[in-house]
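Participant: Letter by letter, the chains look like this.
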Amino acid sequence: QQPVQSPQAVILREGEDAVINCSSSKALYSVHWYRQKHGEAPVFLMILLKGGEQKGHEKISASFNEKKQQSSLYLTASQLSYSGTYFCGTAQSQQGGSEKLVFGKGTKLTVNP
Amino acid sequence: GAVVSQHPSWVICKSGTSVKIECRSLDFQATTMFWYRQFPKQSLMLMATSNEGSKATYEQGVEKDKFLINHASLTLSTLTVTSAHPEDSSFYICSASRTSGLSQYFGPGTRLTVL
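In the order they appear, the protein sequences are chains V and U. Start counting the first sequence at 558; every next residue gets the next number (the numbering used here). Start counting the second sequence at 190; every next residue gets the next number (the numbering used here).
So that you can see chain V by itself, here it is in the shape it has in the complex (with noise of 0.2 Å):
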């Protein structure tokens, strides 16, 4: 099942902060968040793999909330270069033991100067 992403849209002036959020109706056992800009692959941003697990890279920290279901991403102090489209992506398994991740639809941040 597609994870749930909020809000739709979220535009920004520089410097400002921003959470996108990501929740699932199924358990999560794990959360990666990636960032795509338009025309390009998306990037791998994080991966969260426990609940209760929070983790930050530069100005850009996620949470995970097992119990809740649910995922944050936290920008701070927003710069030109986060715009892009954010996905969350949860892991299920599949036939054979593998694992696919199901994304969200995604999440448009427009970090305007």
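In case anyone wonders, no lab produced these hints; they're calculated from the structure. Possibly wrong hints are sitting among the right ones.
To be verified - Covered stretches of chain V (in silico footprint by chain U; criterion: 3 or more residues with CB under 8 Å from a CB of chain U, positions within the stretch not fixed):
hint, region
1, 588–602
2, 657–666
As the list claims (entries may be wrong) - Below, in silico cross-link-like pairs of lysine-lysine (DSS-like), each with a Cα-Cα straight-line distance of 30 Å or less:
hint, chain 1, residue 1, chain 2, residue 2
3, V, 583, V, 607
4, V, 624, V, 612
5, V, 583, U, 244
6, V, 625, V, 583
7, V, 625, V, 662
8, U, 244, U, 203
9, U, 244, V, 616
10, U, 255, U, 230
11, U, 203, V, 594
12, V, 665, V, 612
13, U, 230, V, 662
14, V, 594, U, 230
15, U, 209, V, 662
16, U, 209, V, 583
17, V, 665, V, 583
18, V, 583, U, 253
19, V, 583, U, 203
20, V, 662, V, 594
21, V, 594, V, 583
22, V, 594, U, 209
23, U, 230, V, 616
24, U, 255, U, 209
25, V, 612, U, 209
26, V, 607, V, 662
27, U, 209, V, 624
28, U, 230, V, 665
29, V, 625, U, 203
Model, not experiment: these values are computed from the prediction. Glycine is no exception: its CB is placed at the ideal position from the N, C-alpha and C atoms.
Put chain U on the given structure of chain V with help from the hints.
Facilitator: Quick look at chain U alone, frame taken from chain V:
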């Protein structure tokens, strides 16, 4: 590390022809490779999961005979779109994972246009 390449970057072909897209993991061995399709302003839709040396697992609604996947080695997977039609025009992206369940690293994508 974790670089994935795709070839070609774009291709324009006539309706009815077949197109092959290559996906390579350049600096790691990928036990699993994935093929996605993305239409404009939409999310990534998984087409199939490919494990080296075994048959690909296709998602519901994806025709196995139309989208042929070969995962011949731990660094190479190919997707062949057979008898392509204009509705197959899309952005095809592969990803590779060292181990199932861990991070997927995406290739740069291949834009297919079928005339």
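Participant: If a hint holds in the structure, say so; if it does not, say that too.
Facilitator: Tested hints:
1. 588–602: holds (count 7)
2. 657–666: Satisfied; 7 residues make the cut.
3. V:583 / V:607: The hint holds at about 15 Å.
4. V:624 / V:612: 18 Å, holds
5. V:583 / U:244: The given pair, whose Cα atoms are some 28 Å apart, holds under the 30 Å limit.
6. V:625 / V:583: 10 Å, holds
7. V:625 / V:662: Distance of about 20 Å is within 30 Å: holds.
8. U:244 / U:203: 29 Å, holds
9. U:244 / V:616: Distance ~42 Å between residue 244 (chain U) and residue 616 (chain V) Cα, so the pair is violated.
10. U:255 / U:230: Distance ~24 Å between residue 255 (chain U) and residue 230 (chain U) Cα, so the pair holds.
11. U:203 / V:594: 29 Å, holds
12. V:665 / V:612: 22 Å, holds
13. U:230 / V:662: The hint holds at about 9 Å.
14. V:594 / U:230: 11 Å, holds
15. U:209 / V:662: 28 Å, holds
16. U:209 / V:583: Not OK: residue 209 (chain U) and residue 583 (chain V) at ~36 Å, beyond 30 Å, violated.
17. V:665 / V:583: 24 Å, holds
18. V:583 / U:253: 28 Å, holds
19. V:583 / U:203: 43 Å, violated
20. V:662 / V:594: 14 Å, holds
21. V:594 / V:583: Status holds; Cα separation ~29 Å.
22. V:594 / U:209: 25 Å, holds
23. U:230 / V:616: Measuring from Cα to Cα gives roughly 26 Å; hence the hint holds.
24. U:255 / U:209: Cα-Cα ~12 Å, so holds.
25. V:612 / U:209: Not satisfied, since the Cα-Cα distance of roughly 39 Å exceeds 30 Å.
26. V:607 / V:662: Since the Cα atoms of residue 607 (chain V) and residue 662 (chain V) sit roughly 23 Å apart, the hinted pair holds (cutoff 30 Å).
27. U:209 / V:624: Not satisfied, since the Cα-Cα distance of roughly 44 Å exceeds 30 Å.
28. U:230 / V:665: With a Cα-Cα distance of about 10 Å, the restraint between residue 230 (chain U) and residue 665 (chain V) holds, given a limit of 30 Å.
29. V:625 / U:203: At roughly 49 Å apart (the allowed maximum being 30 Å), residue 203 (chain U) and residue 625 (chain V) break the hint.
The earlier numbered hints that this structure contradicts are 9, 16, 19, 25, 27, 29.
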